[in-house]
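These protein sequence lines map, in sequence, to chains A and B.
Numbering of the first sequence is given in the numbering used here, commencing with residue 3 and proceeding in unit increments.
Numbering of the second sequence is given in the numbering used here, commencing with residue 432 and proceeding in unit increments.
Hints listed in this document are in silico derivations from the structure and should not be mistaken for laboratory results.
Some hints here could point you the wrong way.
Coverage of chain A stretches by chain B, computed from C-beta distances (three or more under 8 Å per stretch; other residues unrestricted) [said to hold, decoys possible]:
hint	region
1	17-27
2	47-56
3	65-74
With the Cβ distance kept under 7 Å, some of the chain B side facing chain A (calculated, not the full set) [said to hold, decoys possible]:
hint	residue
4	Val869
5	Gly872
6	Leu898
Beta carbons are placed, not taken as given, at the ideal position from N, Cα and C, and that holds for glycine.
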Amino acid sequence: MKQTGQIILQRGVVLALFYAALVGIAILSLVVENHHPHSWLEAHLPFFWSFFAFFAAVIIICLSKWLAKAGLEAKPGCYDLPLGPAEEKKP
Amino acid sequence: MNTFIHPSLLLLGGALLLPLVRGPLRKFYLLLVPLLAFAAVLGNSLLSGHFAIFPFMEWQLVFGRVDKLATAFALIMALVTVLATLYGLHVEKTVEHIAAWCYAAGSLGVIYCGDYLSLFLFWEMMAFSSVFLVWFRRGPQSLQTGYRYLLIHTLGGVILLAGILLRYQSVGDITFALMDISQPQLYTWLIMLGFGLNAAVVPLHSWLPDAYGEASFNGAVFLCAITTKTAVYALARACAGFEVLIVLGVIMALYGLFYALLENDIRRLLAWSIVSQVGYMVAGIGIGTELAINGAVAHAVVHILYKSLLFMGTGAVLYTTGQTKFTELGGLWRKMPATCGLTLIGCLSIAAAPCFAAYVSKSMIINAGFAAQQNWAAWLLMFAAIGTILYNGLKLPYFLFFGENRCSSTTWEKAGEPPLNMLIAMTIGATLCFLVGVAPGYLYSALPFATAYTPYTAFHLVETLQLLGFSALAFFLLKGLLAPKDVVYVDIDWFYRQGGRAFMWLVRNPLQWLDWAWGELYRSLALPLLMLMARFSGWFDWHIIDGIVDGLARTVRGLGGHLRLLQSGQMQYIFFQVFALAALALITLTLFLLF
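Isolated chain B (complex conformation):
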């Protein structure tokens, strides 16, 4: 079997037929379609090369470029699509499943495509389908948040398209491959920015905590995995070694951690954590060595596993209690022990605890930084790793499941384990987090470059235990400072959101007043003047123009009447007139000759 099957086709076809599938078959069908897509990706992973090539105008559209980089990302995207669909198996809204599958199809399309034109098509498919996962929460803020998300991603799409077009004008081809980052042109920056916006590069990141905190409980699982990591793939493909990404990545890692540590909303905390963790991947891509790219890809893969698990855990809290704020939750382990245990595995995984997912990936990026003499970046990423332990390894589980119970009686009564399908999805996610942590061999074999990296050295183990243990000590000594407060923390989006409101105010007030004043001025001044002019024109037309024309007509008519008398038709008058004229001519000639 060596045929390339595009998993996006299966997902899109499945989405198209989903409204027709009802009754007991529906859940089976919901599982079957993403499983088929995953099987297609598994089949494709045995291939290598370019498939599904279609000529379009003067270009070649490549829908199936298969190599190790594409395969690693495609496998994890297809896997998370299966897990997230299983998690939301009981969701009745068919359109939510359709939107989620279209979104995953867009991501897989980007991963497998080999040219910028089809990339742009799938890129926009992702943006326009994922927004529904925000809108379908149907919360008081969902509509506004969704529009903001769409506006920002449309802007990102326009930036990317401008880069693609300028690049085509300059180099004359649309191949999606590593750009010449040693001599960056305007298009290099634009393409990098277009990808960077989706990767939530600071300061183009605010859409992420805004949207992911507001998404539906099931939609957030898709969102947390797909957009940013597809952008990481695109950056790894096109911008590897672009050194500015090291700076941007480190800024992301640090910026995200402070907001995550302060955040009062459990899902916004996780969203800020994505900004921070994707920072590691972006920095790794910027370092650009084989170890760094391997580290970035490995971290993207395990990040999808533990982050989807964490969003599933917090989604279960939202699903059962309807609450997402630390100030309205706490002590939930008594009511949700299984959810608590599974979420804890996600927390240990992101904190890079030994035997759990990020232990085998994060250190690759940091070591690559040291090896590439980017010591400042490596030390700052190490510093940010302590922040990760604090906000995700300690703050999230402590204030959500343990610590003070701040639940209202209604919330406490509603709290409980989620439906079985949600627990099964979480169990599979947690198992994978553990398996990849204890046996990273399969993950390492799937990386773009061959690696002999061994995370389980005595030193790395003891170093990690020190990091975990002593940051935990600091946390428990200072946890009073991190006690939840019902406040929000303003971000860069404050500027454009206030800018938007200022624009609306400008439209509603001065511009509307100007419009009203203009209308009034027209009505009270211009309109009478216009009427006066119209009346004058009428008078002028009637009396002057018509007078002249009528007078001329009357004169012509009068003259014509006199001339008519001359043409009586009687011969004697004609002779008289002819002879009179001849005599007049003769007299005139004689006088002329004489004088």
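In isolation and in its complexed conformation, chain A is listed as follows:
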């Protein structure tokens, strides 16, 4: 029990540090000036790259799962499955 409690405490500390770092980075992005914005949003939306990273990551993860379900995912050995009943009767 004591060990489990320590692990939870450690995880809590790590998470707190992680979130604090994210807040720190986001605040830092307000301080640092972007001299060469590539789009209107980049120039005017605060935390632009934070939003970009978060939503791009969510899109990539969800899209990859959707692609897997849409037909990319197959059982191991799917390349060696018989092409049809005729192929099962190998000479």
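Since the structure of chain A is already known, use the hints to place chain B on it.
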């Protein structure tokens, strides 16, 4: 010292003598040969111009074209040959070392050559030696995978050769230099496709995850560095500014990342990552500006460093546990802390974290895209960079070294740090990844064009930290969706592999049946008919032909017998015959005159 020494000669000579070197000297020799090749490349880097020119028929074969582009690639190829050989120093199979050195020699030959003929020679040397690095794994799939790899590369070689020959027919020379990409001809496309196949341009890419996932633990380190980056060099040399490469590069960057994110096999994940990262280089070559070419070359150099480090890290897992699937691994940091730490440096490097390798190169290509008004490409490459952070910066280390322990008791017992030589090679690789990240000056000075690019600006630093931090946030919130599953993800190779199987089925079934039916038809119908015809011919010959001939002979003989009687030799008979004929002639003449 201003003599050009071809490093390929040293590697090939070294490979030739390797079977003779045994005992305690063997390991020393194994290190010495690639180190000599590296020293030769270092020596060559002080030169500039064309060396080792040999006339052959009506052409000039150039084996030593030295310029900044060639030197940058030659240096990194020679360096990775040293590292990969050190990593596999304990490999007993001499032929595996020979194959690896021949492969590296082929790459260095391509990099230094100045004409298409010698390029083709070294190009094929690469293909035919590297396949052994797949076969030497001796896994259940190694043989088939190797044959597929060889078939695809042979096809690529034929496409390239067709392009070279058509180009020679059209322009009349074999110089390997920048082609006229403003007016592409059929040969321009064929040469680009030949190079593109080796660069794993989608849809000609499936050989890469197929072969690299199946290669031996040591062979994969050579493979991950050499083939694709030699092709990137060839594209940079011949096709810079060819705009179609921007589209192909962006497709590669995106296509590879989705498969890498889904993949269950740690080395196939890295192989898909190569497709994605080489996409950045191909796009940079397509953009074609000085900054873009510099970016592509810089990214190729650092990519070789961090990718070989990552393949060494995952190779160590394969070497000790025998496993490569996330579903059979996990939580390994407890058993392999040094491997874990060194692989993490590779992960940070590919994720373009500040102070690590790709931080100084990837942004060059993206900035070059924006500067060249190719905004769509630059934004999509930026989007793909988030994918790189996800699959290689987070998924690989999290599910392999941390997270849930999915190891069987046997795997867990076997897991441990690899031999010292493997750890030393990984440490050198990790150190270089860090050094090039914090002090990119040497790398930038080796690039083909002079550059004033500075990656360490406050904005770039904060932008990168945002990308890393917030994509990590999304990953940890959604990591349940990426939990490893023991499945495979079908790719374009499904079509040609099933096509191959369909062909085999066609041969084994309808074609074999047709062959059998034809044989039966021949045996039961054609053969008796043929026998009948033969018998008739025999009868006809015997009775008709021979009958006529024999009858004629008998007639002639009979006539001859009668004529023979006329020539008795007695004078009275002769006179009688002559006078009889004369009388007959006289009577005939008289009758003719009277009537």
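Going through the hints against the structure:
1. 17-27: holds (count 4)
2. 47-56: As far as the region 47-56 of chain A goes, the hint holds, because 7 residues have Cβ atoms under 8 Å from chain B.
3. 65-74: holds (count 7)
4. Val869: violated, 20 Å
5. Gly872: violated, 23 Å
6. Leu898: Holds - the Cβ of Leu898 of chain B comes within 7 Å of chain A, reaching about 4 Å at its closest.
Consistency note: the structure conflicts with the earlier hints numbered 4 and 5.
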